[in-house]
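Q: Could you put the whole structure together from the sequences, leaning on the hints where they help?
Protein sequences, first through last, are from chains A and B.
What the first sequence shows, in the numbering used here, is residues 1 to 102, in sequence order.
What the second sequence shows, in the numbering used here, is residues 103 to 734, in sequence order.
Honestly, the hints are just simulated from the structure, not real lab data.
Heads up, some of the hints might be wrong.
Pair ranges (Cβ atoms, derived) [stated by the list, open to error]:
1. A:96 <-> B:725: 27 to 37 Å
2. B:122 <-> A:87: 54 to 64 Å
3. A:96 <-> B:687: 43 to 53 Å
4. A:93 <-> B:720: 53 to 63 Å
5. A:53 <-> B:708: 35 to 45 Å
6. A:73 <-> B:122: 54 to 64 Å
7. A:73 <-> B:687: 49 to 59 Å
8. B:687 <-> A:19: 51 to 61 Å
9. B:688 <-> A:76: 52 to 62 Å
In this text, a Cβ means the ideal position worked out from N, Cα and C, and glycines have one as well.
Next come the chains, spelled out residue by residue.
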Amino acid sequence: MDFIPYEHGLILAAILFVCGLVGVLTRRNIVFVLMSLEIMLNACGLAFVVASSRWQHAEGQVMFLMILTLAAAEVAVGLGLIIQMYRRFHTVDISVLNEMKG
Amino acid sequence: MQNWIGLLPAFPLAGFVLLVLSRGRMSKTAASFIGAGSVGLAFVLAVLISIEFLNSGAQSFSKTLWVWMQVGELDTGFSFYLDGLTLVMILIISGVGFLIHLYSTGFMADDPDFARFFSYMNLFVASMLVLVLADNLILLYLGWEGVGLCSYLLIGFWYQNPANGYAARKAFVVTRVGDTSMAIGLFLLFSQLGSLNIQEILVLAPSQWSTGSGMAVAASALLLGGAVGKSAQLPLQTWLPDAMAGPTPISALIHAATMVTAGVYLIARTHVLFELAPSVQLLVAFVGLATLLMAGFTAMMQRDIKRILAYSTISQIGYMFLALGVGAWSAAVFHLMTHAFFKALLFLAAGTVILSLHHEHDIFKMGAMRRRLPVSFWCFIVGSAALTALPFTSGFYSKDAILLAALAHPTYGMLLWVGGVLGAFMTALYSFRLVFVVFFGSSHYAAHEAAPHDDHAAVVENTSPAMFFPLLILAGLSLFGGLISVPVDAVFAQSGVHEEAHVSQFLHTLMILIPILGVMISWLLYGSVPYEKAGAHLRQRLVQSPLGGWLNRFWFSGWGMDKLYQTLLVQAFLMLAHINRKDVIDIAFNGTAFVARFANSALVLTQTGNMRWYAISLVAGLVIVIGLGVFR
Numbered sequence: 001m002d003f004i005p006y007e008h009g010l011i012l013a014a015i016l017f018v019c020g021l022v023g024v025l026t027r028r029n030i031v032f033v034l035m036s037l038e039i040m041l042n043a044c045g046l047a048f049v050v051a052s053s054r055w056q057h058a059e060g061q062v063m064f065l066m067i068l069t070l071a072a073a074e075v076a077v078g079l080g081l082i083i084q085m086y087r088r089f090h091t092v093d094i095s096v097l098n099e100m101k102g
Numbered sequence: 103m104q105n106w107i108g109l110l111p112a113f114p115l116a117g118f119v120l121l122v123l124s125r126g127r128m129s130k131t132a133a134s135f136i137g138a139g140s141v142g143l144a145f146v147l148a149v150l151i152s153i154e155f156l157n158s159g160a161q162s163f164s165k166t167l168w169v170w171m172q173v174g175e176l177d178t179g180f181s182f183y184l185d186g187l188t189l190v191m192i193l194i195i196s197g198v199g200f201l202i203h204l205y206s207t208g209f210m211a212d213d214p215d216f217a218r219f220f221s222y223m224n225l226f227v228a229s230m231l232v233l234v235l236a237d238n239l240i241l242l243y244l245g246w247e248g249v250g251l252c253s254y255l256l257i258g259f260w261y262q263n264p265a266n267g268y269a270a271r272k273a274f275v276v277t278r279v280g281d282t283s284m285a286i287g288l289f290l291l292f293s294q295l296g297s298l299n300i301q302e303i304l305v306l307a308p309s310q311w312s313t314g315s316g317m318a319v320a321a322s323a324l325l326l327g328g329a330v331g332k333s334a335q336l337p338l339q340t341w342l343p344d345a346m347a348g349p350t351p352i353s354a355l356i357h358a359a360t361m362v363t364a365g366v367y368l369i370a371r372t373h374v375l376f377e378l379a380p381s382v383q384l385l386v387a388f389v390g391l392a393t394l395l396m397a398g399f400t401a402m403m404q405r406d407i408k409r410i411l412a413y414s415t416i417s418q419i420g421y422m423f424l425a426l427g428v429g430a431w432s433a434a435v436f437h438l439m440t441h442a443f444f445k446a447l448l449f450l451a452a453g454t455v456i457l458s459l460h461h462e463h464d465i466f467k468m469g470a471m472r473r474r475l476p477v478s479f480w481c482f483i484v485g486s487a488a489l490t491a492l493p494f495t496s497g498f499y500s501k502d503a504i505l506l507a508a509l510a511h512p513t514y515g516m517l518l519w520v521g522g523v524l525g526a527f528m529t530a531l532y533s534f535r536l537v538f539v540v541f542f543g544s545s546h547y548a549a550h551e552a553a554p555h556d557d558h559a560a561v562v563e564n565t566s567p568a569m570f571f572p573l574l575i576l577a578g579l580s581l582f583g584g585l586i587s588v589p590v591d592a593v594f595a596q597s598g599v600h601e602e603a604h605v606s607q608f609l610h611t612l613m614i615l616i617p618i619l620g621v622m623i624s625w626l627l628y629g630s631v632p633y634e635k636a637g638a639h640l641r642q643r644l645v646q647s648p649l650g651g652w653l654n655r656f657w658f659s660g661w662g663m664d665k666l667y668q669t670l671l672v673q674a675f676l677m678l679a680h681i682n683r684k685d686v687i688d689i690a691f692n693g694t695a696f697v698a699r700f701a702n703s704a705l706v707l708t709q710t711g712n713m714r715w716y717a718i719s720l721v722a723g724l725v726i727v728i729g730l731g732v733f734r
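A: Here it is in structure tokens:
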């Protein structure tokens, strides 16, 4: 039985992470920013899983479960905030929302 | 009992804490019970300790309560040391202090800040007890500064009047000069002898320093500086007359009976150092002599009843310094004790007069109070007799001892003696001038002038028991206190025995007669029946002659010392401050502020409010950190 070499897994995780990062940095719609964040989180999770299979350790898997929970909670809070934001400002464009300018 | 010596300052301190915590909401009855009661308890304890100490026959007793600080060689404890000298002091402080507290319950009865007054008074008594009980100079210094603080607080007690605040600040700043000198003296003693324990110093100093060596001279001169400041001697005496701004019981307790004698106590306590430096000891005598003459001349010209008493206090402490200077240690302590009695009596009696006359201080607006204020009158007679050293009063014995000791001084005996006798003559003159002007002659008191809105402005003497009893006791002590012998022989045993001076009968008689002569001249000028005619005429002519008028103004102003200091120090300082209005040192501080403000405005630019910008800076930071980790 052939294993996928762990380097491949890590490269995939890195690509996913960069995709997410680019999304966070370039998107103007806050919903997409949130989605890109999810991608980044999952990239991390993938890296954990790959590492745990490489060293035959369960802790990486446990970590991924935790990241999953965290991501779910984060999405719930984030979406709630987005809804509030939309109600108040009638926009989801983050480049417009710069009231905290110093 | 002796083991409870720590409770001695603890009682008044507890009183202070209780009164402070009440924040003025305590009833006056409760406040006076705590205020006077705590000092009364301390007095009872002091008496019990004295009885046990004197019966035990021991020379000294010491007790360490706990270690205060221990740094390197310095090992300072809350340790108390009891010997004959301390015993006299604690009995005076707690005894006279208790009587004055009792008197104050009557005197201050109408004051809204009743509890505050007693809290300061209790703190004062506690600090003063620490000062005299301390077995090391650090603890003594704690008490020394504590009494200075209480003096400041109490001079400015009626703080609504800015003049009182000014007087309080003046007292604090002037005594600070002396305190600094004393602190430097302590540093010197510690660096040279490696100890600040008084008894150790008294043993170490003679073994390490030869008589008249530079170190001994420096150390004793610095300690003398502290004593001069606290005891209001030349050249730091200017604060005491102004200190009369406080309530009269304060003047009696702090600025006459106890605190101002702290300098005398300090010199007596460290007398071995002064014996090692004969030149400084001689300086002590001459400081005392100059002060007693200067204050005597000044007191003759004053119009304010309390200022007269203040200058007489300065003058009497001058006598104590004179005694210290000629090595008559026990005579100095003896005079300290009798002075505490009769000066407290005089001040308290003056307080009764002032209270009865609605806070009138000018003696020339009083007159003929003999019948209206009989108690004050008799107290004044007794107190002035003791102050003048009329025969068989307490002051007679102590001043006699001092003058005889001064005469016995090998080189300057005659000079010191003549000065002292001249001072005694002036004492008679000014103290009986006060008595005659206030209590004899015709009344110049205009009630409506002093209290224009008070319909009941009649002169009524307050003879409530609380005020009457202390006056009675103090009058008794002033008369018969001379019979008490102070148990200080053991303390000063190691110092050279002063052989009894062989005074000719003529000089001794002269010494007794001169104060009586002073009283008679005073009577002629102020007290005789044609006082408005002959006496006034004579005084008028004296004042109107050019020399007399100039001397009058010069002496009235206290030999122009205030003006001298005002020009020399205060105005010079103000001028410097004016020149340096934009403080040079401020540049550094303002520079710091400028840099901070600049950095702030730069960092504000990064706060764009744009979320993407934050995310990018986050990532950039992460990249840099990882890069540092990987490529380092």
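Q: Against each hint, give a clear statement of whether it holds in the structure.
A: Tested hints:
1. One distance hint, 27 to 37 Å for the beta-carbon pair residue 96 of chain A and residue 725 of chain B, holds here, with the actual separation near 28 Å.
2. Between residue 122 of chain B and residue 87 of chain A the beta carbons are some 58 Å apart, a value that agrees with the proposed interval 54 to 64 Å.
3. A beta carbon spacing of about 51 Å between residue 96 of chain A and residue 687 of chain B agrees with the range 43 to 53 Å that was offered as a hint.
4. Checked against the hint of 53 to 63 Å, the C-beta distance between residue 93 of chain A and residue 720 of chain B comes to roughly 21 Å, which is inconsistent with it.
5. Checked against the given bound of 35 to 45 Å, the beta carbons of residue 53 of chain A and residue 708 of chain B, roughly 42 Å apart, stay inside it.
6. Between residue 73 of chain A and residue 122 of chain B, the C-beta spacing of about 56 Å keeps the proposed range 54 to 64 Å intact.
7. Checked against the given bound of 49 to 59 Å, the beta carbons of residue 73 of chain A and residue 687 of chain B, roughly 57 Å apart, stay inside it.
8. At about 60 Å, the CB distance of residue 687 of chain B to residue 19 of chain A agrees with the hint of 51 to 61 Å.
9. For the pair residue 688 of chain B and residue 76 of chain A, the beta carbons lie near 56 Å from each other, so the given range of 52 to 62 Å is met.
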